[in-house]
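Student: Residue strings, one per chain:
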Amino acid sequence: MKVLLVEDNERVTRFVTRGLREAGHTVDHADNGRDGLFLAASEPYDVIVMDRMLPGQIDGLAIIEALRKSGNRVPILILSALSDVNERIRGLQAGGDDYLTKPFSFGELLARLDALSRRAWAGGRETSLEVGDLRMDLLSRKVLRGTRAIALQPREFKLLEYLMRHADQVVTRTMLLENVWDYNFDPQTNVVDVHISKLRQKIESELERPLLKTVRNAGYMLTADD
Amino acid sequence: MIRSSAVNLAVGYVLFGIIALVAFAAPLWYAWQVSIQEGRAEILQEDSLRQVEVFRRDGVQGLVHFIDERVGLQIAGERILLLADPQGHTLAGNLPEWPRGIPQQSGTYTVAVELGGRPSRAMLVRTTLPGNYSLLVGRDLSFYAPVERRFWYGLAAAVAIISVVGVIGAILIRRELLARIQGIRQTVSAIMQGELSHRLRTHNGGDELDTLSQTINRMLEQIELLVHGISNVSNSIAHDLRTPLAELRSRLEELLLTRPPTQEIFSELEEAVADVDRVIGIFNALLRLAEIDTGMRRSGFVQVDLAEVAAEAVDFYVPAAELKGIALSFHGTGPVQIAGDPLLLAQAIGNLIDNALKYAPANGRVEVAALRADDGSAELVISDNGPGIPAADKPRAAQRFFRGDASRGTPGVGLGLSIVDAVARLHGGFLDLADNHPGLRARMAIESGRIRPVAAAGPQPPATGNALAPRPAGGPARAL
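Which chain is which? The protein sequence lines are A and B, in order.
Mapping the first sequence onto our numbering, position 111 (from 1) lands on 111, and the numbers just tick up by one.
Mapping the second sequence onto our numbering, position 386 (from 1) lands on 386, and the numbers just tick up by one.
Keep in mind the hints are simulated off the structure, nothing from the lab.
We treat Cβ as the ideally placed atom computed from N, Cα and C, and that holds for glycine.
Mixed in with the good hints, there may be bad ones.
[To be verified] Cβ-Cβ distance ranges computed for the label pairs, FRET-style:
1. B/P438 to A/N190: 47 to 57 angstroms
2. A/M53 to B/L245: 18 to 28 angstroms
3. B/D210 to A/P103: 44 to 54 angstroms
4. A/T127 to B/L225: 55 to 65 angstroms
When you get a sec, could you build the whole thing from the sequences and use the hints?
Tutor: What follows is the structure, encoded as structure tokens:
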């Protein structure tokens with residue numbers, strides 16, 4: 001995907017640019033608000049990573065507001081050192097699509113950018129989801145692995161649905177906490193991992209191919225590929 | 001300033017008192033004067049008529065005789081009686097001669113006259129009798145002077161008493177005020193010097209200054225708590241942040257010194273990232289605490305079913321509990337509606353469950369209950385059968401970074417219960433840690449204020465995608 005990074009800190013820029021390029025993405029970079037706004041308005045990007053505080057007259061929120069006013073719907077992830085709820089809400093109200101607080105891990109950033117860029121064209125009103133031979137009927141709320149019916153608790157269903165909607169993408173524990181449980185805190189114990197392993201036991205019997213993979217230092221990925 | 005305020009007050013009251021007194025006395029004086037004057041004039045006129053009658057009946061000789069007889073009786077304070085012939089020679093009466101200063105016409109006069117050689121004021125009724133005889137019936141007003149003097153003396157005495165009492169009162173009030181304000185000033189200066197344990201003296205009177213002192217004392221308690229909190233936190237931060245930072249530093253420095261093979265470098269770097277994540281975790285928890293403490297989250301309160309939030313949290317933790325062989329269960333008696341922040345409540349309940357799971361023994365049990373207390377407040381009780389918290393540690397357990405002996409060697413930085421406590425206080429409640437015989441019984445009491453009529457019961461609608469749901473500050477930092 002084509003990513004625009006608007007960030008004035010060199011260290012963060014190098015870290016994000018290298019990481020994204022290594023992951024096979026194209027990265028453009030602007031280190032101030034004016035260039036950022038110019039690039040964002042003139043080039044088509046799949047996703048924009050926007051630092052909130054930028055040198056010069058135009059800060060991150062101003063760029064986002066300007067873009068949204070001109071009808072630009074490109075997904076934007078806001079990067080900020082300001083973590084409290086009000087700042088977050090201001091960022092999202094300005095038109096940001098996601099908000100990541102510094103410092104962040106690259107895995108978290110990449111997973112969120114992936115989710116954002118795909119949401120732009122996915123997210124229709126499908127009635128069923130499929131990953132390999134795993135099939136989820138969203139209307140009857142039935143899950144089948146091949147021909148084997150899988151009984152899931154409501155929350156497990158929601159967890160699997162989220163994973164299937166983000167198939168072939170890395171999904172971090174934080175993303176799962178936020179989207180499956182609506183929690184915004186880090187449980188001290190590895191509760192998410194336990195939920196995942198319970199779900200894994202249900203959707204992968206010993207004879208079946210593993211679908212739900214653990215991605216080291218990042219999270220999980222549901223994929224039919226090896 | 002104090003000086004003038006007390007004195008001004010006293011002077012004001014004294015003036016007010018005097019004005020009130022004068023306002024009371026003046027009409028009285030006037031009414032008294034008028035009625036006495038009128039009564040006196042009437043009496044004199046009647047007397048005069050009676051003598052005119054005598055004159056008519058008995059002639060000049062008769063009247064002379066009548067007057068002589070009256071004068072002869074020598075009644076003290078008797079009237080002035082005088083009969084003069086047309087030439088102005090005194091025929092009878094108790095004055096040696098016709099006083100000067102009386103108009104020629106008949107009538108009633110109050111004039112300055114010379115009576116017996118001394119100046120005086122008198123009320124006189126002059127009647128001209130047939131044959132141009134003149135009759136004077138009057139009364140020396142100086143006869144009444146003592147009464148009037150007494151009135152004026154009384155008034156003056158009253159004014160004097162008010163003034164003296166006012167001045168004494170002012171001095172006393174001023175002295176009392178100064179003493180108390182001096183006390184407040186001394187205490188406050190001591191506090192400004194850093195002795196935060198000082199408190200203002202209060203009396204049982206409950207007057208205005210007392211109420212003020214009590215309010216200030218409560219403020220001081222809050223300040224002391226905060227200041228102690230801050231110093232505790234700085235100490236603990238120093239300790240809890242230094243440890244992972246020191247590890248991180250030595251790890252990196254060792255890499256520089258030993259230059260090990262690449263594979264080893266990577267595993268060391270991974271550990272280094274984990275160290276940083278621990279530091280970030282502490283920061284996130286501290287920022288969250290600071291955010292809660294500002295009370296700003298209160299603006300986002302909605303109607304929440306505490307029982308539902310708790311039941312969901314229990315659901316969330318059940319698999320983890322099962323893994324440890326702990327029976328985690330929820331006991332509810334129906335919805336418990338409160339005004340609150342569902343996300344923070346979930347975090348607080350999560351922290352309590354997390355805590356209980358950490359300390360409950362294998363095959364232990366953790367019970368979560370949400371109920372409505374008798375006083376109408378909402379309560380969330382989480383009890384375990386772990387080792388509990390030693391009585392000595394209980395008051396400090398919710399303090400920032402406090403870690404009891406039992407928690408050594410378990411993950412966490414000691415902010416979990418602080419967050420629970422902060423959330424409870426944000427919701428107008430408190431966290432109470434009691435003994436469960438054995439184990440810990442953590443009770444979060446929450447005021448069940450109402451925000452708006454039950455529109456959306458339960459937590460906010462699921463925050464999917466980019467909903468406004470706050471998220472943990474990024475990164476995979478696990479430690480809380």
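Student: Hints first: check each against the structure and report whether it holds.
Tutor: Each hint tested on the structure:
1. B/P438 to A/N190: 47 to 57 angstroms: violated, 27 angstroms
2. A/M53 to B/L245: 18 to 28 angstroms: holds, 25 angstroms
3. B/D210 to A/P103: 44 to 54 angstroms: holds, 52 angstroms
4. A/T127 to B/L225: 55 to 65 angstroms: holds, 57 angstroms
Comparing the model with each earlier hint shows a violation of hint 1 alone; every other hint is respected.
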